[in-house]
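**Student:** Add chain B to chain A, keeping to what the hints say.
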Amino acid sequence: MVGKNCFAIASDRRLGVQLQTIATDFQRIFKIHDKLFLGLSGLGSDAQTLHQRLVFRHKLYQLREERDMKPETFASLVSAMLYEKRFGPYFVQPVIAGLGEDDKPFICTMDSIGAKELAKDFVVAGTASESLYGACESMFKPDMDHEELFETISQALVSSIDRDCLSGWGGHVYIVTPTEVTERILKGRMD
Amino acid sequence: MGDSQYSFSLTTFSPSGKLVQIEHALTAVGSGQTSLGIKASNGVVIATEKKLPSILVDETSVQKIQILTPNIGVVYSGMGPDSRVLVRKSRKQAEQYNLLYKEPIPVTQLVRETAAVMQEFTQSGGVRPFGVSLLVAGYDDKGPQLYQFFHFRHCICSAACLKNDDDVACRYTDDMELEDAIHTAILTLKEGFEGQISGKNIEIGVIEADRTVLTAAQIEDYLQEVE
Chain A
-14 MVGKNCFAIA SDRRLGVQLQ TIATDFQRIF KIHDKLFLGL SGLGSDAQTL
36 HQRLVFRHKL YQLREERDMK PETFASLVSA MLYEKRFGPY FVQPVIAGLG
86 EDDKPFICTM DSIGAKELAK DFVVAGTASE SLYGACESMF KPDMDHEELF
136 ETISQALVSS IDRDCLSGWG GHVYIVTPTE VTERILKGRM D
Chain B
124 MGDSQYSFSL TTFSPSGKLV QIEHALTAVG SGQTSLGIKA SNGVVIATEK
174 KLPSILVDET SVQKIQILTP NIGVVYSGMG PDSRVLVRKS RKQAEQYNLL
224 YKEPIPVTQL VRETAAVMQE FTQSGGVRPF GVSLLVAGYD DKGPQLYQFF
274 HFRHCICSAA CLKNDDDVAC RYTDDMELED AIHTAILTLK EGFEGQISGK
324 NIEIGVIEAD RTVLTAAQIE DYLQEVE
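Chains as they are written, first to last, in this note's numbering: chain A, -14 to 176; chain B, 124 to 350.
Derived from the structure by calculation, the hints contain no laboratory data.
Beta carbons are placed, not taken as given, at the ideal position from N, Cα and C, and that holds for glycine.
Where hints are given, some of them may not hold.
[Claimed, not checked] Partial list, computed: chain B residues near chain A (C-beta under 8 Å):
{"#": "1", "residue": "L223"}
{"#": "2", "residue": "Y224"}
{"#": "3", "residue": "K225"}
{"#": "4", "residue": "P229"}
{"#": "5", "residue": "Q232"}
{"#": "6", "residue": "E317"}
Chain A with its partners taken away, still in its complex shape (with noise of 0.2 Å):
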């Protein structure tokens, strides 16, 4: 979700296959430099992979270019990189955020064969996606600050999280503003 100059990204932590729940732990949001964050939802495996595949390419673009990527720039590289495997995709649904020049906030999703969706509000993904639209549309204002913004996607969150019952948990959530990143973890229905 977009706010001020900053933005903030959550997710659940229920790692589940079916109904069975593997683990009430599970990191779905990554960091691949200070102003840019990745979530993956779908399938665990793809998750990892994909995430360690994007922090490769990174890396080397950090060591050939001398600086970290821009927001527009990875997701364009995200969404090149799912559609190599076209006729075999990576099961997973990203949802990227960060800050690009000038410390404008940049969101986007894709589907699982890199189309990319950019937006200027908020974007979702996941088994709880028609829910969070319907939560977010009704919550969301524009230029929002960080705190605002952080109880704003929080209970939005929370109240799709605890409607679906593959998702849950609690909740994960990064509030990223230029100078800092605040990390919390928020409590819902354990279940």
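**Tutor:** Positioned in the frame of chain A, the structure of chain B alone reads:
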């Protein structure tokens, strides 16, 4: 001398530690036409002599200065056909970068990859080194940049002349503006020029923040100013 026995195989070092074929390639460059580049505070100028084999050749059909991307241009000294191969490869690499990152390639990255291509041809079997030296001029986020290639080595430079460095060096000042740079380039070309210099037998390329300009008939105006 021991060296000459090693001068026929590219992939063999001579006892003095040189690769003699590369030295020969640099000689080929040295006997080519003059080209030079000057980096100004707000752009880069590259220029070259354009001596045609006969007066019957249409000079507008010969282009020694080429564009690699909308904001990177290149000029060469040495063998024309070799430079065309490098231009093709560089253009392809620039476009591949753009396809992947949807961003124009930074000048340093393109220069690095072109230098890698040139180096490949000094270490493979059955090929010879490129008989060209390139001057790559570009404008990106880091501002105007000029690179000179000594085969696989590239170095950033503020002014370079592929023939006589001294002429350019003595006229160069750090905070030159683009217009001054163009005049300096023409003056330097004039020094080593045999015959009458005119808009038809030199080529000038100018790279500024928002565009690449390959002046052709506009050269005449600059020549007038220089006179």
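**Student:** Against the structure shown, which of the earlier numbered hints fail to hold, in ascending order?
**Tutor:** Structure breaks hint 6 only.
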